[in-house]
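S.K.: What follows is the residue order along each chain.
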Amino acid sequence: MGAGLQLNNMKSYTQIPPGTQILIGPAAQRRRVLERAICSVFEGWSYEEIIPPIFDYYDVFIKGMGTGLEKQIYRFIDREGNILALRPEFTSLVAKTVATRLASAPKPIRLFYSGEVLRFEQPKGGRQREFAQVGIENYGGSSKTADAEILLIAVEAFERVGIPTFQINLGSVDFFGGIMDRIDLPSEDVVALKDVLNLKDQSGLETLLSRLPLEERGKNILRAIPHLTGGRAVIEEARKLVRNPRSADSLDHLDEIYSTFERLGLARHLTIDLGEIRGFDYYTGILFRAYVPELGFEVANGGRYDGLPGVFGKDLPAVGFSFSLDRLEQIVAPKLTAADGEPSIVDAAGGFEKALQLRRSGKAVKLCL
Amino acid sequence: MLVIALAKGRFLDPSLELLQRAGIRFSENVASSRKLIFDSDDGRCRAVLVKPADVPTYVEYGAADAGIAGRDVLMESRADLLQPLVLDFGHCKIAVAAPKGMHSINGSDNPTVRIATKYRNITIEYFNARGIPVEIIPLSGSIELAPLIGLADRIVDLVETGRTLKDNGLEVVEVIAESSARLVINRASYQTKREEVLALIRALQGIQ
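Going line by line, the protein sequences match chains A and B.
Position one of the first sequence corresponds to residue 890 (the numbering used here), numbered consecutively onward.
Position one of the second sequence corresponds to residue 1303 (the numbering used here), numbered consecutively onward.
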């Protein structure tokens, strides 16, 4: 037994738990510089920082994220038997805080956060099981202005960290939702439809359509969805397909955002994608993902989740997004400079006075032992 | 430039032929060369040759923008890819096979079915959805052998003509899915190289 114990002890420090990493020196500095650059953009748009706890009751996240992701949550039990969870995302925590503690605060409430989240998933695209997110949330702002506001903030964040080429892929759950409201399918068929549409899988869609009791008109709308991606023309094309008010309103809204971006000379960064219907259950309006040419995975994502604060007791419109710092770090190399300049080398033997003097005058020192 | 991951082996010739008909030509002899990277004659495409099971990985990570792979490989890999086109080659079935006459659902008295396969994920998902616990016997070749010498109760494998099964006294008892070649696209490339990606999809669609 003694030998076994020893072996176990060895293991704990010769092995690394999958999904963790350690940032040292320049890597850590790069993380902080990027984090600071993005957060300063958020502050520039009058967002205030919120530092939520790293764990909360499991229910908080389940209510927020909905089904599907609960398997990825790290759970544990406290001494009273409550089920707690390490945060797998920030939005639920922020929404809970806004709906309770900030319920009577003047609206809109603009908050940003930065920190680690934990998900039990296969490490991929440079993202471990513990990874860093920085993001914003806007509560109580009308979708008319708040959606464009947060998209503009995302654009500025990209520019600030030195990424000139990026693509924001913008869709709306309401376009697809409005179509689904009209054709009334069992929920498992809606899930199957979403699955094939999310893959842009034409043959899978045909197979599914052949067994669904839909009129030809409805089928043709569904067939068109994977192709409804591109510039403004897509919105016009989509208008010809749908008559239901929910879908039509979502198109008006996307059109408005697109016009704003055109007016500001930023439309080249925006792609309308009405086939984009992936994401947490809580999304209710626009949703978007941002891509850069250098990386095969999205570097930011977000959307509108008006239903979420209501889950925690206060109905409020809400919209937000987050950047993945781990992914950004792979593609940008921010200039790393020491805060107090190059250090002066000071001999430690009797050199403490000199070192202290230099420090007091704001210079960097490095003691030589 | 669009990078396309092609699977070495039985998919390579039909993939190259399809690309050629779509106007993407390689003057070098891709199939017989030992090189792994080839640029198309017009310089617009680059083909990289990889193991069939690795195509989804290359594309998911964006090391390749597009790829051609069998549905079996895609289902097994669980990679998050766009799959806009089914291509007209590589037709086969992913099937459960057992020694002739062993049609009962379990194939043995064991409460757990032992299944030899290289499709671990597909097999577990299929049987679990039917409430049947399975023990996976991971093999990478000659899967048909396993039930014949008592290593497994059944196999899950690709069946093209059924000839190999027949020769070894096995038969298909259930078909899990039909498989054929598919064009897959990286999600980021679809956005950041939209024009090139759509041109490729249109070109391949046009000649089917």
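Hints are supplied without guarantee of correctness; some may be wrong.
What the hints assert, rightly or not - Simulated DEER-style distance windows between Cβ atoms:
id	chain 1	residue 1	chain 2	residue 2	range
1	B	I1434	A	D948	32 to 40 Å
2	B	E1498	A	R921	15 to 23 Å
3	B	S1442	A	T909	25 to 33 Å
4	A	A1113	B	S1442	39 to 47 Å
Because the hints were derived from the structure by calculation, they are not lab data.
Just so you know, these numbers come straight off a predicted model, no measurement behind them.
Just so you know, even glycine gets a beta-carbon here, dropped at the ideal spot from N, CA and C.
S.K.: Between E1498 (chain B) and R921 (chain A), does the beta-carbon spacing fit 15 to 23 Å?
M.R.: 37 Å, violated
S.K.: Quick check on a hinted range of 25 to 33 Å for S1442 (chain B) and T909 (chain A), using CB atoms only.
M.R.: Since the Cβ atoms of S1442 (chain B) and T909 (chain A) sit about 31 Å apart, the hinted range of 25 to 33 Å holds.
S.K.: State, for the Cβ atoms of A1113 (chain A) and S1442 (chain B), whether the hinted interval 39 to 47 Å holds or is violated.
M.R.: At 43 Å between Cβs, range holds.
S.K.: For I1434 (chain B) and D948 (chain A), compare the CB-CB distance with the range 32 to 40 Å and indicate the outcome.
M.R.: 33 Å, holds
The structure is inconsistent with hint 2 alone, although it conforms to all the rest.
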